[in-house]
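*Asks:* One letter stands for each residue in the lines below.
2 protein chains.
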Amino acid sequence: MADPRWLTADEQRAWRAHLTAHRLLTHRLDRELQEHGLSFNDYEILVNLSESPDHRMRMSDLADATVQSRSRLSHQISRMEQAGLVTRELCEDDRRGTFAVLTPLGYHTIERVAPDHVAGVRAHFIDLLNPDQIREVEEIYTPVVAHLQGR
Amino acid sequence: MADPRWLTADEQRAWRAHLTAHRLLTHRLDRELQEHGLSFNDYEILVNLSESPDHRMRMSDLADATVQSRSRLSHQISRMEQAGLVTRELCEDDRRGTFAVLTPLGYHTIERVAPDHVAGVRAHFIDLLNPDQIREVEEIYTPVVAHLQGR
Numbered sequence: 001m002a003d004p005r006w007l008t009a010d011e012q013r014a015w016r017a018h019l020t021a022h023r024l025l026t027h028r029l030d031r032e033l034q035e036h037g038l039s040f041n042d043y044e045i046l047v048n049l050s051e052s053p054d055h056r057m058r059m060s061d062l063a064d065a066t067v068q069s070r071s072r073l074s075h076q077i078s079r080m081e082q083a084g085l086v087t088r089e090l091c092e093d094d095r096r097g098t099f100a101v102l103t104p105l106g107y108h109t110i111e112r113v114a115p116d117h118v119a120g121v122r123a124h125f126i127d128l129l130n131p132d133q134i135r136e137v138e139e140i141y142t143p144v145v146a147h148l149q150g151r
Numbered sequence: 001m002a003d004p005r006w007l008t009a010d011e012q013r014a015w016r017a018h019l020t021a022h023r024l025l026t027h028r029l030d031r032e033l034q035e036h037g038l039s040f041n042d043y044e045i046l047v048n049l050s051e052s053p054d055h056r057m058r059m060s061d062l063a064d065a066t067v068q069s070r071s072r073l074s075h076q077i078s079r080m081e082q083a084g085l086v087t088r089e090l091c092e093d094d095r096r097g098t099f100a101v102l103t104p105l106g107y108h109t110i111e112r113v114a115p116d117h118v119a120g121v122r123a124h125f126i127d128l129l130n131p132d133q134i135r136e137v138e139e140i141y142t143p144v145v146a147h148l149q150g151r
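Just so you know, the protein sequences line up as chains Y and C, in that order. Oh and the first sequence: position 99 is 99 in this note's numbering, straight run, nothing missing. Oh and the second sequence: position 49 is 49 in this note's numbering, straight run, nothing missing.
Don't read these hints as lab results, they were simulated from the structure. Note that the coordinates shown come from a computational prediction; the quantities given were computed from them, not determined experimentally. Please note that a few of the clues may not be correct.
Residues on chain C that point at chain Y, a partial pick, calculated with CB under 10 Å [to be verified]:
(1) TRP6
(2) GLU11
(3) ALA21
(4) LEU33
(5) THR66
(6) VAL101
(7) LEU105
(8) VAL118
(9) VAL145
(10) LEU148
All C-beta atoms, glycine included, are put in the ideal place defined by N, C-alpha and C.
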């Protein structure tokens, strides 16, 4: 087997900066959301449902959209169901499973929390970047998403 | 209160691309490491210890370096102790707690797994970027890290 192509110093610094920034950022956003009784993961689920027709998504689509396993999402939805933010509904037309549906409380919660959360995303990430860098982030990461989704 | 400064379409796309790419990437790297019996989190801990003098770090420093809470790290180290990859040692000189120490098996494991893991980091991220983009990732994320660490 050929020698591994270790990362160069430049590549190492880029990879570390990406990893550390992401972890610190989601850690901070998670902590800020805790003040509203939500986790970052809860928030992402509420956003996805609130932007979907009839505020509902098939569980498998919601798992794909939030990049997590079906079983992890199922635990998450159970906790959010207990908090009254979502409900589960069986799909009558086909056998492809269950929908997660936003409740009125869930919708009210996302409306109430979104302004603070967006302020955090701006303060800790977006407003630290200039317009060129905003475009570069999209240009750099979109092909990574396409590669990993096998497109 | 003023209207929230919602993200513009450009900012929204950048933020989504960053988030989705990161999740898909760590999900993939985690799955590849599972073939070696490690999680991505295990790997990060082994790397940090292997690069430290005497292959040991204070638990609080290791928590900072891997951006996780002391309690979460403690559970993680317990699992890795059971797998024989690390041990805990009480600090005799001071009362500032415990060290995590890499075992010979832990060192052997990181040596064995690192080539495959680096190949994954290249295939799914680094090799998709040109040299300018490598520099841009560092330039974009380093100030985010500094901001979130309060420097």
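*Asks:* Work down the list of hints and note, for each, if the structure agrees.
*Replies:* Status of each hint after checking the structure:
| no. | hint | result |
| --- | --- | --- |
| 1 | TRP6 | holds (6 Å) |
| 2 | GLU11 | holds (5 Å) |
| 3 | ALA21 | holds (4 Å) |
| 4 | LEU33 | violated (14 Å) |
| 5 | THR66 | holds (8 Å) |
| 6 | VAL101 | violated (23 Å) |
| 7 | LEU105 | violated (21 Å) |
| 8 | VAL118 | holds (5 Å) |
| 9 | VAL145 | holds (5 Å) |
| 10 | LEU148 | holds (4 Å) |
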